[in-house]
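What follows is the residue order along each chain.
Protein chains: 2
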Amino acid sequence: MSNGTAPSISGLSSSVGETVTLKGWLYNRRDSGKIRFLVLRDGSGYLQCVVVKKEVPEDVWESSGLLTQETSFEVTGVVREAPRQEGGVELGVTGLTVLSVCHDWPITPKEHGVDFLMSQRHLWLRSARQVAILKVRSEVESAIHDFYHSRGYTKIDSPILTPAACEGTSNLFETQYTEDEKAYLSQSGQLYLEPACAALGKVYCFGPTFRAEKSKTRRHLREFWMVEPEVAFMEIDGLLDLAEEFIKELTTRVLDRRKDDLKRLERDTTKLEATATRPFTRMTYREAIENLAGKGFPVKFGDDLGGDEETALTEGFDTPVLVTRYPSSIKAFYMQPDPADPEVALCVDVLAPEGYGELIGGSQRIHDHDLLLARIRQQELPIEAFQWYLDVRKYGTFPHSGFGMGLERFTAWMCGVPHLRECIPYPRMLYRIYP
Amino acid sequence: MSNGTAPSISGLSSSVGETVTLKGWLYNRRDSGKIRFLVLRDGSGYLQCVVVKKEVPEDVWESSGLLTQETSFEVTGVVREAPRQEGGVELGVTGLTVLSVCHDWPITPKEHGVDFLMSQRHLWLRSARQVAILKVRSEVESAIHDFYHSRGYTKIDSPILTPAACEGTSNLFETQYTEDEKAYLSQSGQLYLEPACAALGKVYCFGPTFRAEKSKTRRHLREFWMVEPEVAFMEIDGLLDLAEEFIKELTTRVLDRRKDDLKRLERDTTKLEATATRPFTRMTYREAIENLAGKGFPVKFGDDLGGDEETALTEGFDTPVLVTRYPSSIKAFYMQPDPADPEVALCVDVLAPEGYGELIGGSQRIHDHDLLLARIRQQELPIEAFQWYLDVRKYGTFPHSGFGMGLERFTAWMCGVPHLRECIPYPRMLYRIYP
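Line order of the protein sequences matches chains A and B.
According to this note's numbering, the first sequence is numbered sequentially starting from 26.
According to this note's numbering, the second sequence is numbered sequentially starting from 26.
Heads up, a few of these hints could be off.
Which copy? The list can't say, so a pair holds if one copy fits it or any two copies do.
Derived pair list, reagent style DMTMM-like, types lysine to aspartate or glutamate, alpha-carbon separation capped at 20 angstroms [said to hold, decoys possible]:
hint	residue 1	residue 2
1	Lys325	Asp395
2	Lys419	Asp129
3	Lys239	Glu206
4	Lys320	Asp366
5	Lys356	Asp366
6	Lys320	Glu260
7	Lys241	Glu206
8	Lys241	Asp333
9	Lys239	Glu204
10	Lys239	Glu199
Keep in mind that the hints were calculated from the coordinates and are not lab data.
From just these sequences and the hints, can you work out the full model?
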């Protein structure tokens, strides 16, 4: 028996009048004398199934009375229009078989502590809110692939096991690669994308990245997914356009295709709609610190911007804000200096509205071999480990640019969810690796 | 300056008669007196650029004479039809600017040793053969996402950092998660998909997996990408259909869209075309060992099938072969026994033709709590580590099935490339982690 072509709840609106058989779990049940209203969930949606005592065989009525939350069952019935129901249909039940009765389902409607829910993550996933968030996440992933694939990018899977650190050696997970050699879990695929964009022009990677941070804030995961495009011959202005176009396309896709999920999450989509349609605000770091000074923040050139500053900067804007040209001193060693203002780098941070923080960080890369070498020396990074990276500048060098975007941060913003831990199926945080 | 809308070689056939400017690297050059034929590559394709001395300014002629392999340059000219050229066009050059001359490009046409090429992987990627393989790989990835997304699957990213082993503790990379706790790099996302398919019905993961194997064969990578679907209420027959449909769709996509790359790889596509269109052969393990006995292999029930046996089994078939119902004793603990033949498991291995080995391994999973518990005990696995996995069977259990397919193995077969190391951008093998 296969369910390859089995009907699912999400496709039922085209089956009105037909008899269908569905399998899933009981999400909710309401008894009203001689009628029972069962809500079946099958992962694709939720369906009200109406059991009327006098219309079904006695064993069906009896079975429907056994259903507890998360009991798996098979139900047969006639699909009928029900405009007030999600999906516009409900099922008039004619048959019902209990597959496995669920006893003592641990996730009850009462408020659970976060620790409890996290330890039950494998079950908590079944909650309607978690299902909605994970569907938005999956839609964003699909939109990311479509965005790059339709534009002729080649996906280049950067390695996770790396011999050296991309941006220093702190916060790295370490493993013994062979008896004599250690490896570190990648924090970014960028260094590996740069040689690949010399081969393929436009490339991107999208996979897990790792930070062994000791931080416990809602903004940090130790394992998270990041998408990183890298484009040969693209300079900073092209990069800003790419970042804006990218966020617009992803946002449009979520608004178009995950409307029901956003509704279930009670997401106010005003700012998402603005993001999908209106040009983003762009400002330089120098403009940003002036703006912040006007708002009472004592920020001076050379200071990094923290979460409060980022939130203050985006106040009053309905779309993300592109902050460009940060001081080189507070940015990564590989960023191209601005020829018109050598203290700053040709870089960008894209800040989400509504306090969701940095969505994207990117830059034009240094393409002059000797300048890059000087920077590596200045940061006291091990030159031999970066030899292959320097080679990109040795053989037919070229300007190029790229950025990174964290999937969970973006998903959190789409969903209006404050905690990243709900935006990944199995979050990995400090003191949290089970299940 | 942006290249967001810059023309690329792959799109030139619609620009015949137009003047375009392109950037890229010199792939090849042939001088014929007062005419120079330059082959420009930009990652999207290859373009013959014709420089005629008497038709260009002297500095353009001079510049074209400086071009060495992998020199980056910008070229302007008129697109014209050239039926014998790849893409059907060539460029009549009117302007040319050298961006960066490449000296001593290390990868020459002479035969290099594998060790040398692997140590130059970041440059070797620019070779036409490597570009073609990586484009096929990327196309397969895109087809994988489209296959599942269009069928309503939700992508569930299984964690890489896991507290315990999926199938025993051997061959695991280990890392210190916190001061007191170790973590291991995932070998499979399956265990994490099973609870997720109870939430979302149809799910898949697709990401890197890790095996700290000591093996040096051409069939082994220590880090490779695996796609794994998992479907609630799907049983073994549905799984076989899903696997066949999946391979058919990916193969069709590669044949349709990567024709030029397959040609460059001199791939004989006869068996790929058969795979795309003809039903796959299916046989049980019991039939397989009879078949092998007839071919002189001394295999008896309970023996695992090695590479030679797999190759022998697929001989004479143009499509992959599905071998089902292996003895439970040689398969993973979580596989559902066949009620009609309890010595065997409801599982499948899909073997590629042409000696490319196992593409897919999958099974229906044990959904009875007590049977699974007995198996975990029998294998002496730590029960407390599997408590959450057992919970899937405790609360509204349901039949479910899934499989895993290695991306590099599939790509190798598509490309007709014997070594997996060429089918991933930066291979990780024993004694090979650089670059």
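Practice task
Evaluate Lys356 and Asp366 at a C-alpha cut-off of 20 angstroms and name the case that applies: within, between, both or neither.
Solution key: within (15 angstroms within a copy, 64 angstroms between copies)
Handout entry: Homomeric proximity label, Lys419 with Asp129: Cα distance no greater than 20 angstroms
Key = between (65 angstroms within a copy, 10 angstroms between copies)
Exercise for the section: Go through the copies and call it for Lys320 and Asp366: within, between, both or neither, with a Cα cutoff of 20 angstroms. Expected result: neither (25 angstroms within a copy, 75 angstroms between copies)
Handout entry: 20 angstroms Cα threshold - placement of Asp395 relative to Lys325
Key = neither (31 angstroms within a copy, 65 angstroms between copies)
Exercise for the section: Go through the copies and call it for Lys239 and Glu206: within, between, both or neither, with a Cα cutoff of 20 angstroms. Expected result: Only across copies: Lys239 and Glu206 sit 14 angstroms apart there, 25 angstroms inside one copy, limit 20 angstroms.
Exercise for the section: Could you place Lys241 and Asp333 in one of the four classes (within, between, both, neither) given a Cα distance threshold of 20 angstroms? Expected result: Within one copy only: 17 angstroms inside a chain, 52 angstroms across chains, cut-off 20 angstroms.
Exercise for the section: Could you figure out if Lys239 and Glu204 sit no more than 20 angstroms apart (CA to CA) within one copy, between two copies, both or neither? Expected result: Classified as between; 11 angstroms across copies, 28 angstroms inside a copy.
Exercise for the section: With 20 angstroms as the alpha-carbon cut-off, assign the pair Lys239 and Glu199 to within, between, both or neither. Expected result: Both: 15 angstroms inside a copy, 19 angstroms across copies.
Problem - Within, between, both or neither: Lys241, Glu206 at alpha-carbon 20 angstroms - result: between (31 angstroms within a copy, 17 angstroms between copies)
Practice task
Classify it for me, Lys320 with Glu260: is the Cα-Cα distance of at most 20 angstroms met within a copy, between copies, both or neither?
Solution key: Neither, since 32 angstroms and 62 angstroms both go past 20 angstroms.
In the structure shown, a violation is registered for the earlier hints numbered 1, 4, 6, in ascending order.
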